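Engineer: Protein chains in written order, with our numbering: chain A, 34 to 274; chain B, 426 to 723; chain C, 3 to 251.
Just so you know, these hints were derived from the structure itself, not from any lab.
Some hints here could point you the wrong way.
A few chain A residues that don't get close to chain C, going by computed Cβ distances all over 10 Å [what the hints assert, rightly or not]:
1) Glu134
2) Trp136
3) Phe138
4) Val140
5) Asp143
6) Glu148
7) Lys164
8) Ala174
9) Glu199
10) Asn255
11) Leu259
12) Arg262
13) Gln268
14) Val270
Cut-off 20 Å, straight-line C-alpha distance, at most; resulting in silico cross-link-like pairs (EDC-like, lysine to aspartate or glutamate) [said to hold, decoys possible]:
15) B/Lys598 <-> B/Glu616
16) B/Lys642 <-> B/Glu622
17) C/Lys19 <-> B/Glu525
18) C/Lys19 <-> B/Glu519
Bear in mind that the values here come from a model prediction, so they are computed numbers and not experimental data.
Where is the CB? At the ideal position from N, CA and C, for every residue including glycine.
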Amino acid sequence: MMLLATFLPIIIVIGLIVIFSMKQSRTKRKFPISGAKTRSLLIGYSVFLLVVLVFSFFIPVESTSNNYIISQEELDKKHQDFYDAAHQGSLDTFDSAHVAEKWTFSVEDDALYLETRNTDYLGVSVFAQRKEESDGEVEIAYYTTRPMVEGFDITHLINPTVIKQEGNTLFLQQGEDVNVHVTKFAKDFTITQFVGKDTGLMNHEYTSVQVGPSILFLRIPNDLKLVDRSDLYIQFVGSGN
Amino acid sequence: MSVIDCINVTKRYGRETALENLTFSIEKNKITGIIGRNGAGKTTTLKILAGYIQESSGDVKVFSEHPFNSLMVSANTIFVDDQMNLPSSLNLAEILNNAEMFYENWDCELAERLFSYFSFHPKQTHDQLSKGKKSTFNMIIGLASRCALTIFDEPTTGMDAAVRSDFYRALLKDYLAHPRTILLSSHHLNEIEELLEDILLLKDGQVYLHMSLMELKELAVGLTGKKDEIQKWISNKEVYYESRVGINDNYVVVENTFTKEELAKLTATGITISQVASNDLCVYLTNTSKGGIDDVFK
Amino acid sequence: MSLNNVTLATATKKLYKYKLKANIGLLNSLVFLQLIAVLFSLNGVGQMGTGGNGFSINVYYYSSTLVIAFTMLWAFIHSIFLTTKTFRYDDFTFVSNRIASNLSNMVFLATASLIAALFAMFTSPLLKVIAYFLLDHEVLLETGIFYSPTELLLGFAATTLYIFLFSALGYFVGTLIQLSKLFGILLPVIFFGTLFVEARAGQSNLLITMGTFIFTESSFLLFIIKVVCLSSLLFGSSLFLSNKLEVKQ
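Let the hints inform the model, and build the full structure from the sequences given.
Structural biologist: If you want it as structure tokens, here you go:
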């Protein structure tokens, strides 16, 4: 019924158009449309639709299946495992983790300052791990759980944190906002009514979007002092700060 | 054998009574003219016979069946008038093809000949035709369908004189070759007179008279002469029409119940006896006043 | 001249053949209406948004739902037209009675529903092609792996039945209007009145109940039974009501 309310104005307008056009062609008989013209119109329309049909087979469309649907608990567990792996410093071997970007910075000072810039909230957890050696190199990796839309990986569309070094300070900036426009071809309600769980005119199949947490993982020289200037709550992995 | 039987047929439209206790029957294979003034109930009668509308009371039988909703009557009847509903989406040739599909006795050859004689174009549509052309086309359908009951309601509307006379000839020739029951209503009785065998005269929704044309012609005589002289003769007779001719003369139409001797005496007293044209007689019979429109200006 | 006898079946068949030729013009508006519906559908027939930090995902749904809805509307209006004098009287020019006229209309509407449904189903690929080339998108998805032949057949049958049901409804409404012009005012007032009153009251009963009876029936067999019964009821009532309708010019 919501659909009806939404489209009522359009439907009324269309209704008027139809009534008007039919009135014109029948009652006033001003623009009689001959049967022959209609036949050619219908044939033309059919041919057009058929050509489009053939053409549509060549359009690269990701087919989704129902396999991607996972429960909230599973999802929560997956994210927890992601954090656990980070805490254990074993993200590299964690299946669902994906390195979206890597940086290496040389630090000459004995201290490195971390500061956010133009960002109120840096939607990423920061982890740090001391390396064995003190080589003056800070290696940073941006890990994400693969964000998925209906099982379709959209990691490549996500902008990771922007990191800039100025002297002994690393400025962290939220990656540019991304709007992902997903075009989804749904089956007609005349099919979904009888197949599948959802029924009704407007109840579209649920689109599963999984966007998990992301982690900025810093591997710093053994002797480097890391100073958090923007309440980033850096979590240290392994022993010592 | 009668094809049409109407007994006490009444048709009301709301409070208006269009037909009142109409009783008549029409025999097989006769051409009958339905004559009457505007609003006399000609079209209503014909539409009841065609099964288009239903009588309010009374008994109607066409081919011994009640025509309303009878497929048999519909299959053997065609009703032709100037408002015949034909689709604008089909061209004239296609319409003729469809008519052929519907009517078993359809004469394709006749239809085609008439079609080309009246120089129609097959690709034209019905609504592109002028009024007279429409009537002509409808007439072709009416004739070619060869229905056992063929009804023409004012078929000549909009036709010019030449086409009208062509139509009457075509109707007569086709009737002679394939006799059928034909009802023909027209304002021009003088034009269709030669065609008709019977006439059914309607007045105010009632049958005024139903007789053969021969009888109609004998029904009345016209007398012209001095008013006083005429008055003596017609005092006990029905006068249908009366008007002044010249200064002292009168012209009256009275019922023809004169004997031969009386007629001879009439001529002797200087009264001219004349035959009344059927058309005029019908007009006189259906007039509400004896003097016609002249009475209004008295 | 001998009399010809015609059975109801032959008369209906001939009228039907005649209507296929004479009323085919009604399909013109169908083509234009479906193309307009495709244009309207380009907004997406539905939308879902979700956001994370620093990014948002908007899912736009595309389907022929709107095209089918418009086609149902078309069937409704077109059936009302079929009951008007211009179309009704056409039959009586030739061999017909009211039963044959109504029956042939019903078969004609069934045929039109079939054609309309076929066209409606085939606008899906058209939407896909237009969306692919003309609309912004990062991800193009399609539900389900593919349309199985059974699904396609099911969808086609269901769409046809929906359109036919709306034809029956329009035919019934049109017949009522032919009986008395008063219905022409009364029926829309009742319909929209119910709609607004129920919308204001915040809870809907009548329209929703009627809608769910058909639109949420998930068993295809029951759906067929419901639609066939309802359509028969509507056509039957129309036949009964119009059996006394006269042919007046």
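Engineer: If a hint holds in the structure, say so; if it doesn't, say that too.
Structural biologist: Results for each hint:
1. With a closest Cβ-Cβ approach of about 14 Å to chain C, A/Glu134 is found to remain outside the 10 Å limit, as its non-interface label requires.
2. Interface exclusion of A/Trp136 from chain C stands, the closest Cβ pair being 18 Å apart, more than 10 Å.
3. Annotated as non-interface, A/Phe138 keeps its C-beta farther than 10 Å from every C-beta of chain C; the closest such distance is 22 Å.
4. No beta-carbon of chain C is positioned within 10 Å of the beta-carbon of A/Val140; the least distance is around 27 Å.
5. At roughly 33 Å from the closest C-beta of chain C, the C-beta of A/Asp143 stays outside 10 Å, upholding its exclusion from the interface.
6. At roughly 18 Å from the closest C-beta of chain C, the C-beta of A/Glu148 stays outside 10 Å, upholding its exclusion from the interface.
7. Taking the minimum C-beta to C-beta distance to chain C, about 29 Å, the non-interface status of A/Lys164 holds against the 10 Å cut.
8. Every beta carbon of chain C lies more than 10 Å from that of A/Ala174, the smallest distance being close to 18 Å; the non-interface claim holds.
9. No Cβ of chain C comes within 10 Å of the Cβ of A/Glu199; the nearest lies about 22 Å off, and the non-interface call holds.
10. Interface exclusion of A/Asn255 from chain C stands, the closest Cβ pair being 32 Å apart, more than 10 Å.
11. Distance check on A/Leu259: its Cβ is at least 23 Å (rounded) from any Cβ of chain C, clearing the 10 Å threshold; non-interface status holds.
12. Remark: the non-interface label on A/Arg262 is consistent with the geometry, its nearest Cβ contact in chain C lying 21 Å away (cut-off 10 Å).
13. Listed as a non-interface residue, A/Gln268 keeps its Cβ farther than 10 Å from every Cβ of chain C; the least gap is roughly 18 Å.
14. At roughly 23 Å, the least C-beta separation between A/Val270 and chain C is larger than 10 Å, which holds for a residue marked as non-interface.
15. About 16 Å separates the Cα atoms of B/Lys598 and B/Glu616, which keeps this hinted pair within 20 Å; it holds.
16. For the suggested pair B/Lys642 and B/Glu622, the alpha carbons sit about 12 Å apart, so the restraint of at most 20 Å is met.
17. Pair hint C/Lys19 plus B/Glu525 holds up; C-alpha atoms about 13 Å apart against a cutoff of 20 Å.
18. Between C/Lys19 and B/Glu519 the alpha-carbon distance is near 12 Å, which keeps this suggested pair within the 20 Å criterion.
Of the numbered hints given earlier, the model fails none.
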